[in-house]
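*Asks:* Given the sequences, and given the hints that come with them, work out the whole structure.
Chains as they are written, first to last, in this note's numbering: chain A, 1 to 413; chain B, 414 to 826.
Please note that a few of the clues may not be correct.
Lysine-lysine pairs mimicking DSBU-like chemistry, simulated, CA-CA at most 35 Å apart [claimed, not checked]: (1) Lys607/B <-> Lys554/B; (2) Lys41/A <-> Lys622/B; (3) Lys209/A <-> Lys454/B; (4) Lys554/B <-> Lys165/A.
Hints in this document: simulated from the structure, not taken from any laboratory.
2 protein chains.
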Amino acid sequence: MKFGGTSVADPERIARVARLVAAEARKGHEIAVVVSAMAGKTNELVAWTDAAGPPADGIALNDDEYDVVVASGEQVTAGLLALTLRAQGMQARSWMGWQIPIIADDAHGRARIEAVEADALGAAIDGGQIAVIAGFQGVTKDGRIATLGRGGSDTSAVAIAAALKAIRCDIYTDVDGVYTTDPRIEQRARRLAKISYEEMLEMASLGAKVLQTRSVELAMSQRVTVRVLSSFVEPGDMSDTTGTIVCDEEEIVEKRIVSGVAYSRDEAKISLLGLPDHPGVSSKIFSKLGDANVNVDMIVQSRARTSETANMTFTVGKRDAARSMDLIRSLQTEVGFEHAEVDEDVAKVSVIGVGMRSHTGVAKTMFGALADKGVNIQVISTSEIKISVLIEAAYTELAVRALHAAYGLDQIG
Amino acid sequence: MKFGGTSVADPERIARVARLVAAEARKGHEIAVVVSAMAGKTNELVAWTDAAGPPADGIALNDDEYDVVVASGEQVTAGLLALTLRAQGMQARSWMGWQIPIIADDAHGRARIEAVEADALGAAIDGGQIAVIAGFQGVTKDGRIATLGRGGSDTSAVAIAAALKAIRCDIYTDVDGVYTTDPRIEQRARRLAKISYEEMLEMASLGAKVLQTRSVELAMSQRVTVRVLSSFVEPGDMSDTTGTIVCDEEEIVEKRIVSGVAYSRDEAKISLLGLPDHPGVSSKIFSKLGDANVNVDMIVQSRARTSETANMTFTVGKRDAARSMDLIRSLQTEVGFEHAEVDEDVAKVSVIGVGMRSHTGVAKTMFGALADKGVNIQVISTSEIKISVLIEAAYTELAVRALHAAYGLDQIG
Chain A
1 MKFGGTSVAD
11 PERIARVARL
21 VAAEARKGHE
31 IAVVVSAMAG
41 KTNELVAWTD
51 AAGPPADGIA
61 LNDDEYDVVV
71 ASGEQVTAGL
81 LALTLRAQGM
91 QARSWMGWQI
101 PIIADDAHGR
111 ARIEAVEADA
121 LGAAIDGGQI
131 AVIAGFQGVT
141 KDGRIATLGR
151 GGSDTSAVAI
161 AAALKAIRCD
171 IYTDVDGVYT
181 TDPRIEQRAR
191 RLAKISYEEM
201 LEMASLGAKV
211 LQTRSVELAM
221 SQRVTVRVLS
231 SFVEPGDMSD
241 TTGTIVCDEE
251 EIVEKRIVSG
261 VAYSRDEAKI
271 SLLGLPDHPG
281 VSSKIFSKLG
291 DANVNVDMIV
301 QSRARTSETA
311 NMTFTVGKRD
321 AARSMDLIRS
331 LQTEVGFEHA
341 EVDEDVAKVS
351 VIGVGMRSHT
361 GVAKTMFGAL
371 ADKGVNIQVI
381 STSEIKISVL
391 IEAAYTELAV
401 RALHAAYGLD
411 QIG
Chain B
414 MKFGGTSVAD
424 PERIARVARL
434 VAAEARKGHE
444 IAVVVSAMAG
454 KTNELVAWTD
464 AAGPPADGIA
474 LNDDEYDVVV
484 ASGEQVTAGL
494 LALTLRAQGM
504 QARSWMGWQI
514 PIIADDAHGR
524 ARIEAVEADA
534 LGAAIDGGQI
544 AVIAGFQGVT
554 KDGRIATLGR
564 GGSDTSAVAI
574 AAALKAIRCD
584 IYTDVDGVYT
594 TDPRIEQRAR
604 RLAKISYEEM
614 LEMASLGAKV
624 LQTRSVELAM
634 SQRVTVRVLS
644 SFVEPGDMSD
654 TTGTIVCDEE
664 EIVEKRIVSG
674 VAYSRDEAKI
684 SLLGLPDHPG
694 VSSKIFSKLG
704 DANVNVDMIV
714 QSRARTSETA
724 NMTFTVGKRD
734 AARSMDLIRS
744 LQTEVGFEHA
754 EVDEDVAKVS
764 VIGVGMRSHT
774 GVAKTMFGAL
784 ADKGVNIQVI
794 STSEIKISVL
804 IEAAYTELAV
814 RALHAAYGLD
824 QIG
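*Replies:* In structure tokens, the structure reads:
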């Protein structure tokens, strides 16, 4: 069972979480609980590290000490939940990353878990004790605290579920499952009973912030069955059909062609006009952006109709847009394009479904539905199980609703 | 160097502390710094543990998890100070109790340090790195976090100074040294250049809250030279005569008969009248109080003039007064005293000095000075280097000033 920051934001909510955990334990389950820091605490801690200032010249990177400070938030929650479980009559104890240990690499602030040495942890659980584990943290081989990056508690939970060979990893969050699309946009959005790892990965990478991408990758590679459900569920209302199960495609009996419609407004479109049409041009541009850690997403290149030059369009994250334009302009003389422009008034809308692998006509349905509503498609990109289109931002809701209806997603359930 | 909670209460004060540490390091000193939690943080954390509620019947004590929660405060400060030192151009890293390790017993919440295994720590310092150590915490043999109790960071600092064979342990606090008496009561109070461990112990146990008693005991047994000084000193104003040195009696050349006048308003006087005068009576009473962890201090027994019964008077801490009276009344039938009463309107005033061992007349001077001011002495107790009197609370300031003058303490310096 994993609970995020809003679920453990204060002593009352921690008591709520303890009741949920106790109810599951009383059903006879052996339980490990992974907790995040109380909502707001991580931000407070990060602000203090910022106030310390950047390291002086010649001094080693800050990130190891950043981790020391920030990891304290999960330590507090783990101790408090263990105390609260005992107050409710349960045997419980807390475990820090270094106590288990959860071995992480030394990429402080965004470390990856290398191993979970779960023998002592498993023995304690077998002994009848609920294990309350500080999420988001591990320990390096040198004995330093390392954090996994924002949202890393999901990854902690999946890694521990894998190490303990748990029957399931339940991620409690502020939504009651994974939906066919954002219910704030489409009221007829339906909760999915099951979704495949691959689909969940696409959803996560497209901005549906239910699970951290890395946690889904890990669940897929370790074959951990994950359940997404609401931390506001009452213990008495819990059943096997609560929430959404994220699992292997083969465990989903009723296959759908499309499982969901996702959208993201975090994109910016960059267009380069009048590019010389010879090899190596795009390589120069994308190397420059890649070296600066700018993630480039959708890319389209086309020859301009009336000349020997080409045009190129691609998307980057909105927060990288200004920086990307500076980098590109610094290449103007070398590369020799005529004009570069950025458009932040765009949105990416995607349909996702493992059924696309074996079904044709998915794209046709998508483009038809959008055309019917007069939505102009600026860029298209596809993967094996996803089609994404870039459109003008103002059409986002209209497009999402049109696609949700076109694939019959309001009929699921 | 050890800094308490008010010295590291926010990023600005941590930056101040970093400047003090950096200045000492630039003089060529190798430095370990011990820090407390930011002022107020420990109280916040304790309040959260209280909110969790008491453990249910049959569930193990809370104190191990209390320690997990509360120890996080020092972790935050240690990380932040290491970051801030780096921002000021110094090499630094933080050390948690479990990383050094500081081995503590498992008396959670009030653990004692059993060993400081300082090899790795010492090697890091020898390598040119300032060690920033989370105070107040250790790790048990089972790998659990244990805290040393309130004020335990002083003890951490002394233990680490001993393990590293440091030339001195500088305790930075909100006063600039140890005074002949409380300067808020007597403006002519003088800062002592040196004070012996034994005198400091008596001062600490009498409520002069400069150093935690256990830290002074440890300094005495390990022969660690301690210096008490203000954390508000400017780096440029630091010299060998800053603050007060706490050291072995033999290192103090100019011996004084009396070094200081201390007082405490935390006492309550309990009187039992008409006690049967036969053996075992006082044993019954003090066993009862001892079993309930009530600390009994000054004791006087006297035979009543006109009968075969005795009267007995003793003091307890004010916070234990009501509980003590309940315990005593529960013994009334068994012991057979006539009447018990409590008086909380009292204060204990003490004169302290190692010179008492070899000088007579100290008590005579004390009683004379108090008699001159019309201060009535209710109870007297003495140790080898201390005389304490219990008086009516209203006379506290008058008595302190009279004794300060009587022993010429305003002439020191």
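*Asks:* For each hint, tell me whether it holds in the structure or not.
*Replies:* Now the hints, each set against the structure:
Between Lys607/B and Lys554/B the alpha-carbon distance is near 38 Å, which puts this suggested pair outside the 35 Å criterion. Restraint check for Lys41/A and Lys622/B: satisfied, since their Cα atoms lie roughly 32 Å apart, inside the 35 Å limit. Between the alpha carbons of Lys209/A and Lys454/B the distance comes to roughly 32 Å, so the proposed pair stays at or under 35 Å and holds. With a C-alpha separation of about 29 Å, the suggested pair Lys554/B and Lys165/A falls inside the 35 Å cut-off, and the hint holds.
Hint 1 alone, counting from the list given before, is not met by this structure.
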